[in-house]
Amino acid sequence: MTAAASPTTLTLAGAINAGLRQALSDDPSVVLIGEDIGRLGGVFRVTDGLQNEFGPRRVYDSPLAESGIVGVAIGLALRGYRPVCEIQFDGFIYPAFDQIVSQLAKMHARSRGALRLPITIRVPVGGGIGAVEHHSESNEAYFCHTAGLRVVACASPQDAHVMLQQAIACDDPVIFYEPKRRYWDKAEVSPGAPDSAEPGLDKARVVVEGSDVTLVAYGPTTRTALDIAQIAAGEGRSVEVIDLRSLSPIDLPTLVGSAAKTGRVIVVHEAPTFVGLGAEIAAAITEQCFHHLEAPVLRVGGYNTPYPPARAEEDYLPDPDRVLDAIDRSLAY
Amino acid sequence: MRGGRVTGLLDTSPNLDLVRVLDPDGRVLPDSPFAGSVMPELARDLYRWMVLARSLDQEAYNLQRQGELGLWLSCRGQEAAQIGSVSALRTSDHIFPAYREHAVGLYRGISPGELLSSWRGCTHGGWDPARYRMHIYSLVLATQTLHATGYAMGVQADGADEVVLAYLGDGASSQGDANEALNWAAVSQAPVIFFCQNNQWAISTPAAAQFRTPLHQRAAGFGLSAAYVDGNDALAVHAVTADAVARVRAGNGPAFIEAMTYRMAGHSTSDDPRRYRDDTEVKEWQALDPLARLAALLTEQGWIDERFRGALDAEADDLTAETRRACHALPTPELADTFRNTLVAETALLSQERTAFTAFKESFA
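Respectively, the protein sequence lines represent chains A and B. 1 is the number of the first residue of the first sequence in my numbering; add one for each residue after it. 1001 is the number of the first residue of the second sequence in my numbering; add one for each residue after it.
This list has only true hints and no planted wrong ones.
In silico DMTMM-like pairs for lysine to aspartate or glutamate, Cα to Cα no more than 25 angstroms straight-line:
| # | chain 1 | residue 1 | chain 2 | residue 2 |
| --- | --- | --- | --- | --- |
| 1 | B | 1283 | B | 1300 |
| 2 | A | 106 | B | 1353 |
| 3 | A | 203 | B | 1346 |
| 4 | A | 261 | A | 280 |
| 5 | A | 106 | B | 1334 |
| 6 | A | 106 | B | 1337 |
| 7 | A | 106 | A | 251 |
| 8 | B | 1361 | A | 287 |
| 9 | A | 106 | B | 1128 |
Hints are computed from structural coordinates only; laboratory data are not their basis.
Kindly generate the complete structure, drawing on both the sequences and the hints.
Laid out in structure tokens, this is it:
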């Protein structure tokens, strides 16, 4: 543990970089594996400078093989290491799907608790950066549906810095989503190992308190929701914003508490709404606080289409207009 | 096996000679590179383990036919490949099996009950890998080759004096994971040995429909040191594996061994090999039985006598009886335990589901 440094302004990418540096310094079993993460520092420069500092064994430039990255990480974890994998883009994770779903997620249960795989898989996620095909996907529902994984998404530099270190320290496998269009967002971060006042990795956070309607967002849409809360405030509406943070498990007590208070809940995510996380949240809230609800839980998200070409993505992504429209619909019940 | 070639092989000529120590009748081949390694004690020991493995395998097969196991994947015919290779490792060397390596598990001390438990539907694993330095079976083909590579990279980073051995089959060689692992191992120079039991059949798909380049040749193309051995010749397998292990342990990078053998039974007890393969082929390979070959050497040389045979028969009978007893004694799994073992720290959702499940079940008690 190093003494907490004074707060400093960092981008979200820089906050993750600082978190990785902290984890590599604190724990010699931490190793980073990924494509182009060493000399280049990753395509988003998230691992910038780390190979120089910790060497090519601990910051390993892998062959271009995603199944290999996760499969090799499993072997390293079985040997006692704590691997942190980087999947270069969300849409490149599918070659590793079998290793994640059939191997990583199930090993602890298959061995009846004898084996632990403390592996973190970092995934830049979502759209909004004008990218080509396969570089803008939101595939969290696949992994949330798989027992044996923890799935989280960070939204702010401070949370990115802390949650990443918590994920690495966690003895369960963690899929760690990084909102790539927010990589350059800046905010004040308290660098260093997480202190005990920080919420746990499995906890949601009420970012803005409100009384009329609850927006549940995560990853890239958390900032969208915060922007909307401001706009709505100007229209005299009090919007509560919850950053879900943990997508599996879901922090239901926090969601239910808010739903019971406002009676209106809207889930906002980039992923298609069909069989998405919003569907699970809507069902769980309906089951747990049906009598408090003034309106059905609504969802604003991606459509049931492949992610569109970049010049059409503005219409696909949940934006303030679509969410404000949903708020109107919710309040009209 | 005629002219040094194994029947059923591809037309493509292998670029290595098939290593053998014994001819099919159990006579030492004087020009074999490993002829000098034939020692009575080693031959007796390999033979003993092969006989025991076949007993366990046969009894497990019987148990499946009697409805006691859901499925069994027989290793009959592959005892020399398995015992010959595992016996060339140190007990500290970690093994990543596929799913048919029962002889390997038996050799490593895994109990019959532990070996049978997943096939009876009692677990998805069966044993503690740390205890036997042998990972649990991987049913999804070739996934374990990447785990072995990663584990070997850890060994390398630790500077430990260990090697890692992964078993795979001819069918698994077509998987992406197998090829990623071979390449990755070569690039990283990790201390891993891939031991491929080419048993000629992947369920109903013959090796000739699986690949065009012989596997040892493909491995050499990836940059591994490759060997090609008669997998029904336990002494040859042992010698080739020991040779590879020594080179890998000395830091010379990964190795690949292709052992030509034969899956005498169906792929599994649910399979019907008569639908896709000729009885004449099976009979040809029956004549190459690895146990009979080693027994011929031992008898011819006078390295085993009636007393040895009697004692081994008794030991095999005991193992057969123990296999049956242990199978029946396997505890029925409790679903409630699965909730606890899904994650290291049980989540609220898991504990709620477990509590609700238990209460619901108890309401019928």
